[in-house]
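Novice: Using the hints provided, position chain V relative to the given structure of chain W.
There are 2 protein chains.
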Amino acid sequence: MPLIQATRYYANTTKNQKTVEYTVDKFPGYVRHDHFKKLSKEDVEFFKSVVGDNGYIYNNEDDLFPFNTDWMNKFRGKSQLVLKPKTTQQVSDILKYCNEQKLAVVPQGGNTGLVGGSVPVFDEIVLSLQAMNKIRGFDSVSGILTADAGCVLEVLDNWLAEKGYMMPLDLGAKGSCHIGGNIATNAGGLRLLRYGSLHGTVLGLEVVLADGTVLDNMSTLRKDNTGYDLKQLFIGSEGTIGVITGVSILTPHRSKAVNVAMLGLNSFEDVQKAFKQSRSELSEILSAFEFWDINALQMFKKHATPKAVMEQEYPFYVLIETSGSNKDHDDEKLTNYLEKMMTDGVAQDGVVAQDETQIRSLWSLREGFTEAMGKEPAVYKYDISMPVNKIYECVQDMRQHLKDGGVYGQEDSPVTDVVAYGHVGDGNLHLNIAAKRLDPKTSSLIEPYLFEWVAKHQGSISAEHGLGVAKNEFLGYSKSPVMIQLMKTTKNMLDPNHILNPYKVISNF
Amino acid sequence: MPLIQATRYYANTTKNQKTVEYTVDKFPGYVRHDHFKKLSKEDVEFFKSVVGDNGYIYNNEDDLFPFNTDWMNKFRGKSQLVLKPKTTQQVSDILKYCNEQKLAVVPQGGNTGLVGGSVPVFDEIVLSLQAMNKIRGFDSVSGILTADAGCVLEVLDNWLAEKGYMMPLDLGAKGSCHIGGNIATNAGGLRLLRYGSLHGTVLGLEVVLADGTVLDNMSTLRKDNTGYDLKQLFIGSEGTIGVITGVSILTPHRSKAVNVAMLGLNSFEDVQKAFKQSRSELSEILSAFEFWDINALQMFKKHATPKAVMEQEYPFYVLIETSGSNKDHDDEKLTNYLEKMMTDGVAQDGVVAQDETQIRSLWSLREGFTEAMGKEPAVYKYDISMPVNKIYECVQDMRQHLKDGGVYGQEDSPVTDVVAYGHVGDGNLHLNIAAKRLDPKTSSLIEPYLFEWVAKHQGSISAEHGLGVAKNEFLGYSKSPVMIQLMKTTKNMLDPNHILNPYKVISNF
Numbered sequence: 002m003p004l005i006q007a008t009r010y011y012a013n014t015t016k017n018q019k020t021v022e023y024t025v026d027k028f029p030g031y032v033r034h035d036h037f038k039k040l041s042k043e044d045v046e047f048f049k050s051v052v053g054d055n056g057y058i059y060n061n062e063d064d065l066f067p068f069n070t071d072w073m074n075k076f077r078g079k080s081q082l083v084l085k086p087k088t089t090q091q092v093s094d095i096l097k098y099c100n101e102q103k104l105a106v107v108p109q110g111g112n113t114g115l116v117g118g119s120v121p122v123f124d125e126i127v128l129s130l131q132a133m134n135k136i137r138g139f140d141s142v143s144g145i146l147t148a149d150a151g152c153v154l155e156v157l158d159n160w161l162a163e164k165g166y167m168m169p170l171d172l173g174a175k176g177s178c179h180i181g182g183n184i185a186t187n188a189g190g191l192r193l194l195r196y197g198s199l200h201g202t203v204l205g206l207e208v209v210l211a212d213g214t215v216l217d218n219m220s221t222l223r224k225d226n227t228g229y230d231l232k233q234l235f236i237g238s239e240g241t242i243g244v245i246t247g248v249s250i251l252t253p254h255r256s257k258a259v260n261v262a263m264l265g266l267n268s269f270e271d272v273q274k275a276f277k278q279s280r281s282e283l284s285e286i287l288s289a290f291e292f293w294d295i296n297a298l299q300m301f302k303k304h305a306t307p308k309a310v311m312e313q314e315y316p317f318y319v320l321i322e323t324s325g326s327n328k329d330h331d332d333e334k335l336t337n338y339l340e341k342m343m344t345d346g347v348a349q350d351g352v353v354a355q356d357e358t359q360i361r362s363l364w365s366l367r368e369g370f371t372e373a374m375g376k377e378p379a380v381y382k383y384d385i386s387m388p389v390n391k392i393y394e395c396v397q398d399m400r401q402h403l404k405d406g407g408v409y410g411q412e413d414s415p416v417t418d419v420v421a422y423g424h425v426g427d428g429n430l431h432l433n434i435a436a437k438r439l440d441p442k443t444s445s446l447i448e449p450y451l452f453e454w455v456a457k458h459q460g461s462i463s464a465e466h467g468l469g470v471a472k473n474e475f476l477g478y479s480k481s482p483v484m485i486q487l488m489k490t491t492k493n494m495l496d497p498n499h500i501l502n503p504y505k506v507i508s509n510f
Numbered sequence: 002m003p004l005i006q007a008t009r010y011y012a013n014t015t016k017n018q019k020t021v022e023y024t025v026d027k028f029p030g031y032v033r034h035d036h037f038k039k040l041s042k043e044d045v046e047f048f049k050s051v052v053g054d055n056g057y058i059y060n061n062e063d064d065l066f067p068f069n070t071d072w073m074n075k076f077r078g079k080s081q082l083v084l085k086p087k088t089t090q091q092v093s094d095i096l097k098y099c100n101e102q103k104l105a106v107v108p109q110g111g112n113t114g115l116v117g118g119s120v121p122v123f124d125e126i127v128l129s130l131q132a133m134n135k136i137r138g139f140d141s142v143s144g145i146l147t148a149d150a151g152c153v154l155e156v157l158d159n160w161l162a163e164k165g166y167m168m169p170l171d172l173g174a175k176g177s178c179h180i181g182g183n184i185a186t187n188a189g190g191l192r193l194l195r196y197g198s199l200h201g202t203v204l205g206l207e208v209v210l211a212d213g214t215v216l217d218n219m220s221t222l223r224k225d226n227t228g229y230d231l232k233q234l235f236i237g238s239e240g241t242i243g244v245i246t247g248v249s250i251l252t253p254h255r256s257k258a259v260n261v262a263m264l265g266l267n268s269f270e271d272v273q274k275a276f277k278q279s280r281s282e283l284s285e286i287l288s289a290f291e292f293w294d295i296n297a298l299q300m301f302k303k304h305a306t307p308k309a310v311m312e313q314e315y316p317f318y319v320l321i322e323t324s325g326s327n328k329d330h331d332d333e334k335l336t337n338y339l340e341k342m343m344t345d346g347v348a349q350d351g352v353v354a355q356d357e358t359q360i361r362s363l364w365s366l367r368e369g370f371t372e373a374m375g376k377e378p379a380v381y382k383y384d385i386s387m388p389v390n391k392i393y394e395c396v397q398d399m400r401q402h403l404k405d406g407g408v409y410g411q412e413d414s415p416v417t418d419v420v421a422y423g424h425v426g427d428g429n430l431h432l433n434i435a436a437k438r439l440d441p442k443t444s445s446l447i448e449p450y451l452f453e454w455v456a457k458h459q460g461s462i463s464a465e466h467g468l469g470v471a472k473n474e475f476l477g478y479s480k481s482p483v484m485i486q487l488m489k490t491t492k493n494m495l496d497p498n499h500i501l502n503p504y505k506v507i508s509n510f
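Which chain is which? The protein sequence lines are W and V, in order.
When you line the first sequence up against this note's numbering, it's residues 2 to 510, in that order.
When you line the second sequence up against this note's numbering, it's residues 2 to 510, in that order.
Everything labelled a hint here was simulated from the structure, so no lab data went into it.
In this text, a Cβ means the ideal position worked out from N, Cα and C, and glycines have one as well.
Keep in mind that a hint or two might mislead.
Capping the alpha-carbon separation at 20 Å, the derived lysine to aspartate or glutamate pairs in EDC-like fashion look like this [as the list claims (entries may be wrong)]: (1) W:Lys457 to V:Glu101; (2) W:Lys49 to W:Asp35; (3) W:Lys79 to W:Asp64; (4) W:Lys49 to W:Asp94; (5) V:Lys391 to W:Asp140; (6) W:Lys277 to V:Asp140; (7) V:Lys489 to W:Asp217; (8) V:Lys39 to V:Glu101; (9) V:Lys328 to W:Glu62; (10) W:Lys489 to V:Asp140; (11) V:Lys274 to W:Asp140; (12) W:Lys103 to W:Asp212.
Computed beta-carbon distance windows for the label pairs [as the list claims (entries may be wrong)]: (13) V:Ser281 to W:Val32: 53 to 61 Å; (14) W:Gln355 to V:Lys489: 26 to 34 Å; (15) V:Gln355 to W:Val142: 26 to 34 Å; (16) W:Val142 to V:Gly138: 38 to 46 Å; (17) W:Asp54 to V:Ser268: 35 to 43 Å; (18) V:Lys308 to W:Pro482: 36 to 44 Å.
Next up, chain W with everything else stripped away, as it sits in the complex (with noise of 0.2 Å):
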């Protein structure tokens, strides 16, 4: 599998650090709380004396940049000081003093998210599990790892192959994110149709409450009704609740046989019948469904040469992978079911990867798009989802409301494309909308329009990215009053100063 480093990102960005906009510029909806302390002389030698000489960032703006800015430079904060603790009772020692003091806090991972969640809004404090990396344990006959919370994704799953198991999770950024910021954002990716979400895998977590307080919920045990599974709490929290230290997690067998199928269809109709059958035909060994258009395909040739595409073009393309105990079985079922989607007509072409690298380059066509769109003037970026029939209606709703809006489909348009691909499987549209610059009307035009739609059609306005301080103004989209009210009385039960990423997933209190 290909690998995607976001940290790639910062080289051709950090030159023009100077140009990028303060979030604060761009949504200027958003005001300091009057009743967070601003950092003192005083607070920072506190700091040093619990992190050392090298666990702190402190005034070098070079140095800071990266952690006050998203990989996109789409969101970017003012904070003077990053802190690295090394182990869980110095994360404890932070936040107890952060919370007496009203020091509010960012809590960071490998900073990969999509939303604005893990960079700082104003002054915050951000605080980087990147020291905390180490293994824990591993138990071989069940496969329960437990690592520390800054553990990198990929160094996490390397390590498992040699032991042969895996992480349940995959995703474009695994070079760079961390485990414990993949389950404070519930990440999803590529692995969750077959594996299933973090609220399943993640047998145990220790959390950090605001305070400072340890809540050391380590459990190793794939089964436990002892109370309350207060752990689930924090997965999907973006670190508004707690600091995840530490992580339980159940890892499956490392498959013997994987393979990559890569299909060309005429419709988003055909798109469900070669899922629906793949849910019969490939059954237990599918491991992958995923989805893109023409107009993504074509954004990627703009910018990069594929090495992996059919001869004709078609309106879409599914890539199509199988995970699997037995390489004569598997083949046998993919070949039966690739068959059966040709003879029938559902699919116009299809090509089979025949090596590791043909596996590699098929895959890095479909994990190529986020890159590809990063290289456009201008994106809307959104990860929706709803019922897999609609996730097309949606994206050609969109095309013709932009174009009714005078937007896009002529020449001198501020918009140039809108290009969808995503997770079939899991119900998960990736729709970005490129264009030559930001401009409000464009803005206007597609939101909250295209947030109605999709509360219209019971979907989410997040499938998995999170709200951050991107989308958490449209949360009554997908959530009900009485739900939003349960979330602001569980933050304040947890976060009663409201330190933790302040501005983030609920904004007002």
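Specialist: Leaving out everything else, chain V in the frame of chain W:
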């Protein structure tokens, strides 16, 4: 698969209802909370106006008995009123009133629990969900089912069978238990190894909170990262913080091919070897890996005639189930695995079911132990989880401990057998101590000794049965004081008057 309906037990036991001891007489530590109001005539009139003439049972000891008593006749309460609401709104009206009047309530599903969680301790009102039993919807592309909480698990499973799908969980009580109760107790059961826990498969819940607020979180999306995943709190909360009224759950494709094999083995070390090898060779088609010891088999034989056994007896047995989409492939994988187990001397004998009847026979053996144990004069039942390699050490240690304590091993010993069976794949042991009678000396030898043993090995004192009234006082063996404190805070947040299922899970506030 065989159907072992928990309701079958009622037929045998209702005759003896006068002889069933009240919980408070058996566990004399319980004191009725003073702040709960006693039911008045006016209250009953109000409830009648909500649920109508057929929606309640009042003041009729015979009719109330099955709601006041668990199926093992181990726990018995003294409720005078059972309510059977038909809609979420009725549940809301009932709870709003109870909360205002401080009337205690026990939510009840199929009443098939093992720890007394679903029956009253004193005079709590029983809120039965049995009249809320409608399927709300099903999406045949995604396999997502929505249903009322009172639907019986087996009814749902049979309904899905016609559509080529199945419920992701299965357990002995499936003919009686409700899906709402399954979720409220985070039921594990036989399919957890393959399809994971309910924390992963439950996509949405409708919950009525203690004050009557309806929390509508009936998402039908595989991915939805918009805020805290609050529904998770209710999974496994045993009805103490809200009443589940609706369920949205991801259901897997029903397997076209199912195989079941049984092995006879000489040691628990061999059981572990067989398990580890099955994870590698049967991998994606492995759907159950159960074990029992010869004591369990002998207990079964004492009370019933097993249809499927080997000629010789062995110290240990495992039952292996595979489920896949291609019968030929599965047969080949299973045959290879079994041959390897025999050739390597890991298994001493093996049988493979040749048809559906034989599959049922093998499963009825594994599923019959609970029923067989129920025919003993007295049983101390435990459901613990721990690292797989410790499971049988625990059993052997307990036998020795009881012998050393003078209650086991002699003709006149009160303890007659120590029986072990369980889910190897989940590290879950069902430890059953059969006795001529419940006696204080034996009790004090088992508890807290067993819980201390489990805690020492980072296990859980309740793997899948929950805490109920039976184990709530021992919570401290599995959860830290910080965790318990946060559970209490959560309880106070969601049920400030403590009207929901009092005396259970967390007993003292």
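Novice: Does the Cβ distance between Gln355 of chain V and Val142 of chain W fall inside 26 to 34 Å?
Specialist: At 31 Å between Cβs, range holds.
Novice: With the threshold set at 20 Å, check whether the alpha-carbon distance from Lys391 of chain V to Asp140 of chain W stays at or below it.
Specialist: Measuring from Cα to Cα gives roughly 13 Å; hence the hint holds.
Novice: Take a quick look at whether Lys103 of chain W and Asp212 of chain W sit within 20 Å of each other, Cα to Cα.
Specialist: Holds: Lys103 of chain W and Asp212 of chain W sit about 10 Å apart, inside 20 Å.
Novice: Taking 20 Å as the top limit, are the C-alpha atoms of Lys457 of chain W and Glu101 of chain V close enough?
Specialist: Violated, at roughly 36 Å.
Novice: Given a hint of 53 to 61 Å, does the C-beta separation of Ser281 of chain V and Val32 of chain W actually sit inside it?
Specialist: holds, 57 Å
Novice: Measure nothing beyond the straight line between the CA atoms of Lys49 of chain W and Asp94 of chain W; if it is 20 Å or shorter, mark the hint as holding.
Specialist: holds, 12 Å
Novice: Under the criterion that the straight-line Cα-Cα distance not exceed 20 Å, is the pair Lys49 of chain W, Asp35 of chain W satisfied?
Specialist: Not OK: Lys49 of chain W and Asp35 of chain W at ~26 Å, beyond 20 Å, violated.
Novice: Given the hinted pair Lys79 of chain W and Asp64 of chain W, is their Cα-Cα distance within 20 Å?
Specialist: Between Lys79 of chain W and Asp64 of chain W the Cα gap is close to 12 Å, so the pair holds against 20 Å.
Novice: 26 to 34 Å was suggested as the range; check whether the CB atoms of Gln355 of chain W and Lys489 of chain V agree with it.
Specialist: Distance hint for Gln355 of chain W, Lys489 of chain V is violated at roughly 60 Å.
Novice: Keeping to a limit of 20 Å between CA atoms, is the pair of Lys489 of chain W and Asp140 of chain V held or broken?
Specialist: Roughly 32 Å separates the two Cα atoms, so the pair is violated.
Novice: Range hint 38 to 46 Å: satisfied by the CB atoms of Val142 of chain W and Gly138 of chain V?
Specialist: holds, 41 Å
Novice: Are the Cα atoms of Lys328 of chain V and Glu62 of chain W separated by 20 Å or less?
Specialist: Judged against 20 Å, a Cα distance of about 63 Å means the pair is violated.
Comparing the model with each numbered hint stated earlier shows that hints 1, 2, 9, 10, 14, 17, 18 do not hold.
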